[in-house]
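Peer 1: Listed below, chain by chain, are the residues.
Protein chains: 2
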Amino acid sequence: MEIPSLSDIKRAHTRITKYIVRTPIMTSQTINEMVGGEVFFKCENFQKVGAFKMRGASNIIMSYRPEDRVNGFVTHSSGNHAQAVALASKVAGAKAYIVMPENAPQVKKDAVKEYGAEITFCEPTEEARVAACAKIMNETGAIQVHPFHDPRIIAGQATCAKEFIEEYPDLDFMISPVGGGGLAAGSALALSYVSPTTKMILAEPSNVDDTYRSFKSGKLVGVDSPESIADGLLVSVGKLNFEIIKEHVSEIYRVEEQEIVDAMRLIWERMKVIIEPSSAVAVAALLKNKKQFVGKKTGLIITGGNVQLDALPF
Amino acid sequence: MEIPSLSDIKRAHTRITKYIVRTPIMTSQTINEMVGGEVFFKCENFQKVGAFKMRGASNIIMSYRPEDRVNGFVTHSSGNHAQAVALASKVAGAKAYIVMPENAPQVKKDAVKEYGAEITFCEPTEEARVAACAKIMNETGAIQVHPFHDPRIIAGQATCAKEFIEEYPDLDFMISPVGGGGLAAGSALALSYVSPTTKMILAEPSNVDDTYRSFKSGKLVGVDSPESIADGLLVSVGKLNFEIIKEHVSEIYRVEEQEIVDAMRLIWERMKVIIEPSSAVAVAALLKNKKQFVGKKTGLIITGGNVQLDALPF
Chain A
0 MEIPSLSDIK RAHTRITKYI VRTPIMTSQT INEMVGGEVF FKCENFQKVG
50 AFKMRGASNI IMSYRPEDRV NGFVTHSSGN HAQAVALASK VAGAKAYIVM
100 PENAPQVKKD AVKEYGAEIT FCEPTEEARV AACAKIMNET GAIQVHPFHD
150 PRIIAGQATC AKEFIEEYPD LDFMISPVGG GGLAAGSALA LSYVSPTTKM
200 ILAEPSNVDD TYRSFKSGKL VGVDSPESIA DGLLVSVGKL NFEIIKEHVS
250 EIYRVEEQEI VDAMRLIWER MKVIIEPSSA VAVAALLKNK KQFVGKKTGL
300 IITGGNVQLD ALPF
Chain B
0 MEIPSLSDIK RAHTRITKYI VRTPIMTSQT INEMVGGEVF FKCENFQKVG
50 AFKMRGASNI IMSYRPEDRV NGFVTHSSGN HAQAVALASK VAGAKAYIVM
100 PENAPQVKKD AVKEYGAEIT FCEPTEEARV AACAKIMNET GAIQVHPFHD
150 PRIIAGQATC AKEFIEEYPD LDFMISPVGG GGLAAGSALA LSYVSPTTKM
200 ILAEPSNVDD TYRSFKSGKL VGVDSPESIA DGLLVSVGKL NFEIIKEHVS
250 EIYRVEEQEI VDAMRLIWER MKVIIEPSSA VAVAALLKNK KQFVGKKTGL
300 IITGGNVQLD ALPF
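Chains as they are written, first to last, in numbering that gives the first Met the number 0: chain A, 0 to 313; chain B, 0 to 313.
A portion of the hints provided could be inaccurate.
The list cannot tell twin chains apart, which means a pair is met if one copy fits it or any two copies do.
[Said to hold, decoys possible] Cross-link-like lysine-lysine pairs, in silico, BS3-like; alpha carbons within 30 angstroms at most:
(1) Lys-287 to Lys-245
(2) Lys-295 to Lys-215
(3) Lys-218 to Lys-198
(4) Lys-17 to Lys-94
(5) Lys-245 to Lys-289
(6) Lys-17 to Lys-295
(7) Lys-112 to Lys-287
(8) Lys-218 to Lys-238
(9) Lys-287 to Lys-108
(10) Lys-89 to Lys-290
(11) Lys-108 to Lys-289
(12) Lys-218 to Lys-289
(13) Lys-9 to Lys-198
(14) Lys-290 to Lys-112
(15) Lys-108 to Lys-89
(16) Lys-295 to Lys-89
(17) Lys-89 to Lys-289
(18) Lys-89 to Lys-296
(19) Lys-9 to Lys-238
(20) Lys-289 to Lys-17
(21) Lys-289 to Lys-112
Please keep in mind that the hints were generated in silico from the structure rather than gathered at the bench.
Let's have the full structure, built from the sequences with the hints guiding it.
Peer 2: Have a look at this one:
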């Protein structure tokens, strides 16, 4: 797998632009005062399907010629990526097969069904997911859309940082959470091309700190059955993703579960926008390390806003 | 009391413009599809203090010369208006006295205190509030800022519809909730001046339908100890406000409590923005009467986003 070039990212942006929202960038006087610097929030919670995942999924799916889409697309995910693959497939006129663990929340099953995708349930283990996915590919000829470990996903997610820099070319820092690393690697890579003076910082729950540990040791390590309220980040960082992160990320900060909940509540209360726990990881990292951001311009990616409203942590 | 002129509204806008946020206008494909028409949301939940109330309060307070502000301002309210008077006074360098019932939620007491206002607690009755307010005026010389029954408040709240029409001059309808009628009358009045072809529609909880009954009978009637989740609308419409509403409002729709909760949840889930129950009243009226809005352009004022997150109705 090759690291995407600037040209790949630009072509991704052109390819997906009519299928995604150019999300607004918000500010909050309260947060600026708390930090002592300027903070800009790129609101991917207002993106289609409520998360940045629509960028990468659209980039893969739309990169196939119509005649190559006839067998549809398949992925295993119970989260935002599943919705993104379902919607992007629908828009492309293709069938989507989504493998989900039986115990996925009803609201996520409903969201995927609403986009017309076919759900296959499996045991809630990694092995069962992969097996179910392989079975569908064999039976249908569907093309797999990996949630993060794919240069086309990375190039697609990179368009978010690209838009950010187009509107705010003088950011000192950019912060995003890291899970599998599609957005994290994409953002760092985009900055390295279009704004190398902007430092990329990642935020990770201490409970799922495989990227932090890999970054510090220089050696890719995974994480087993992690538990965190940041349900979008419960995966180990991908190999290609980590290669890019190792090269282009400035620092990784870890945050605790209560800090994530507090940050989420703060944004809800003060900015009146709904962010999901995974996004709050980045906000918590900002607040926990605010000394670094005093007097600076910091761009923070609000990655998504999909939250189960009847199971809030407050 | 005189009905504000267009010139009054324009001067209000000039006067307050640097103290308020020119709030963004959002759209939602989901809502457009549900309605079968185009709906535009003016997001006053992103306004200072999280509600449109900042407009009217600023207009009154900033209309006094600095030397006339020395004794401060007083109001009785436990809601968004209290926060608006507190913040506008602070910005004006004046003292704010807020009369609140003892049983007001802690979060509202804290918000007002944060703006440096002095709180006087009283029994949770209308008489006690008025008496406490009068006492403060006598003792301090503070100027009262009524939450809705004042032409300067109406002119201030009218600036929201004015901004709306400046950006979307071809709205067929505008919808706002109605409580005391500051925003409702202000919006209807602004439309009558700057966009007389836009029909003003009000939304009211069935549980607090004094404006509806007044509108239908042509005679101002009040409401006693109303109960509704729409805590910003638990007051009877003002006399001057009703005069304007009677003249310039096209229709008033009533909605039930469950419809308010459902509409609130819908906006949270689909638009990822936090709206308070009073705003959801307008959304519920839109959805309940959607036939009227098919193929039309409708502007809806999201009045505020102040919600107690640990006491949600879902």
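Peer 1: If a hint holds in the structure, say so; if it does not, say that too.
Peer 2: Outcome of the hint check:
no. : hint               : verdict
1   : Lys-287 to Lys-245 : within (23 angstroms within a copy, 54 angstroms between copies)
2   : Lys-295 to Lys-215 : within (25 angstroms within a copy, 57 angstroms between copies)
3   : Lys-218 to Lys-198 : within (22 angstroms within a copy, 65 angstroms between copies)
4   : Lys-17 to Lys-94   : within (20 angstroms within a copy, 52 angstroms between copies)
5   : Lys-245 to Lys-289 : within (23 angstroms within a copy, 53 angstroms between copies)
6   : Lys-17 to Lys-295  : between (33 angstroms within a copy, 24 angstroms between copies)
7   : Lys-112 to Lys-287 : between (39 angstroms within a copy, 26 angstroms between copies)
8   : Lys-218 to Lys-238 : within (10 angstroms within a copy, 73 angstroms between copies)
9   : Lys-287 to Lys-108 : between (35 angstroms within a copy, 27 angstroms between copies)
10  : Lys-89 to Lys-290  : between (46 angstroms within a copy, 28 angstroms between copies)
11  : Lys-108 to Lys-289 : between (38 angstroms within a copy, 28 angstroms between copies)
12  : Lys-218 to Lys-289 : within (28 angstroms within a copy, 58 angstroms between copies)
13  : Lys-9 to Lys-198   : within (21 angstroms within a copy, 45 angstroms between copies)
14  : Lys-290 to Lys-112 : between (45 angstroms within a copy, 27 angstroms between copies)
15  : Lys-108 to Lys-89  : within (16 angstroms within a copy, 49 angstroms between copies)
16  : Lys-295 to Lys-89  : between (42 angstroms within a copy, 27 angstroms between copies)
17  : Lys-89 to Lys-289  : between (42 angstroms within a copy, 27 angstroms between copies)
18  : Lys-89 to Lys-296  : between (39 angstroms within a copy, 27 angstroms between copies)
19  : Lys-9 to Lys-238   : within (23 angstroms within a copy, 60 angstroms between copies)
20  : Lys-289 to Lys-17  : between (37 angstroms within a copy, 28 angstroms between copies)
21  : Lys-289 to Lys-112 : between (42 angstroms within a copy, 25 angstroms between copies)
Checked against the numbered hints above, the structure violates none of them.
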